[in-house]
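Trainee: These are the residues of each chain, in order.
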Amino acid sequence: MCTYATIRTEIDGSAKGPGSSWTHVTDATVYFDHPVHAAAEHTLNIDFVDPARGPGSRVAVELTAASARELVRAIEGALASAPAELTV
Amino acid sequence: MSDALTAETVTLPGADGDLIEAYLARPAGTTRRGGVVVIHHMPGWDRGMKEITRRFAELGYDAICPNLYVREAPGAAPDDAAATARASGGVPDARLVGDVAGAAAHLRALPTSNGRVGVIGYCSGGRQTVLAACHLDVDAAVDCYGAFVTGTPPEGFPLQVGNLVDQLPELRTPLLGLFGNEDRYPSPDDVDELERLLTAHGKTFEFHRYDDAGHAFFSNDRPSYRVHAANDGWERVAAFFTTHLGTPRTTDPAGS
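Protein chains in written order, with numbering that gives the first Met the number 0: chain A, 0 to 87; chain B, 0 to 255.
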């Protein structure tokens, strides 16, 4: 299936991607659909982009559903382990 | 028959006269023949879609696949272009119709054209094929697992897509539909509804549904590939286009 469902969110950070160079990223697009590269029928896909830098600056990941959930738990765990005042 | 063909990227006027790029594959020789517009899947104007376009040339058709994402992402890699198009809401319906019209006109202007043009699309291109066939003067249409021809997009759906139920009475051409029974977009119920509506409107159509196949069963570079469904589907498509594109058109398509 193509779920089409797409969630966009504004972010603020950096990502290392094409050409092994760092880039500022302002937007994340999250969707569950067919991957381009991962060996699974469907994956949780995240595109980190700065639209001003053009399509080729995208940093993309394609994760199986189980590993995406593990990643969510890991992110929440890492944030929870830090002093609250540092993670506002 | 020679198996020689040529393939190249051309530029043609699409919707609103915008110049868009398109992948054109043509059999060698001067024999008059039908044309096929290939509408690419949601992952974009990629290698797989270009392979399919060349296969139609191998089957004896002038075939063209316009890059529907070229405006959002000129010169970008297909996966980056698809990501950009998705993030910006997808391809507007009116623009799609204009781009397919431009591609069909390009085919009919070729010296080898017999005047007939078919349209085939995969995934999101399946829905767009039905859309084009409701608005353009084409001779055959093939919908490969297009979602939201019927059915209702989920709440909060971000793409500029509605179903085509209110447009189906305008369908101008015979429709071949190929679907996987394990697909959810479109689901078997969605396909049932399309079948009922086309019957009610008195349209000519032919559907084939495959067990052990879901979405994108033609995509031979993805885990969704199903060899039985894909091979049978190719045979159905070849037969359908032979029937509807094989004989020269006797009326001027530009004037009809």
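In case anyone wonders, no lab produced these hints; they're calculated from the structure.
One should not assume that every hint holds.
[Said to hold, decoys possible] Chain A is faced by these chain B residues, among others (derived, beta-carbon under 10 angstroms): (1) Tyr68; (2) Ala75; (3) Ser87; (4) Gly88; (5) Gly89; (6) Pro91; (7) Phe147; (8) Val160; (9) Gly161; (10) Trp233.
[Stated by the list, open to error] Covered stretches of chain A, going by a simulated chain B footprint (3 or more residues, C-beta under 8 angstroms): (11) 29-41; (12) 54-63.
Computed from a prediction, not measured in an experiment: that's the story for all the values here.
Even for Gly, the Cβ is constructed at its ideal location relative to N, Cα and C.
Trainee: Each hint needs a verdict: does it hold in this structure or not?
Mentor: Outcome of the hint check:
1. Interface restraint check for Tyr68 (chain B): the shortest CB-CB distance to chain A comes to about 9 angstroms, inside 10 angstroms, so the restraint holds.
2. Nearest Cβ of chain A to the Cβ of Ala75 (chain B): about 4 angstroms, under the 10 angstroms cut. The hint holds.
3. Interface restraint check: Ser87 (chain B) against chain A, minimum CB-CB distance 9 angstroms, threshold 10 angstroms, status holds.
4. The beta carbon of Gly88 (chain B) comes within 9 angstroms of a beta carbon in chain A, closer than 10 angstroms, and the hint placing it at the interface holds.
5. Hint status for Gly89 (chain B) relative to chain A: holds, with the closest Cβ pair at about 8 angstroms, below 10 angstroms.
6. The interface hint given for Pro91 (chain B) is broken, as the beta carbon of that residue sits about 15 angstroms from the closest beta carbon of chain A, more than 10 angstroms.
7. Hint status for Phe147 (chain B) relative to chain A: holds, with the closest Cβ pair at about 8 angstroms, below 10 angstroms.
8. For Val160 (chain B), the suggested interface contact is upheld, since its CB lies about 7 angstroms from the closest CB of chain A, less than 10 angstroms.
9. Interface restraint check: Gly161 (chain B) against chain A, minimum CB-CB distance 12 angstroms, threshold 10 angstroms, status violated.
10. At a threshold of 10 angstroms, the smallest CB-CB gap from Trp233 (chain B) to chain A is about 20 angstroms, leaving the interface hint violated.
11. Residue count for the region 29-41 of chain A with a Cβ under 8 angstroms from a Cβ of chain B: 7. That meets the three needed, and the coverage hint holds.
12. Look at the region 54-63 of chain A against chain B: 4 of its residues bring a Cβ nearer than 8 angstroms to a Cβ of that chain, three or more, so the hint holds.
Going down the numbered hints, you'll see the structure goes against 6, 9, 10, while the others check out.
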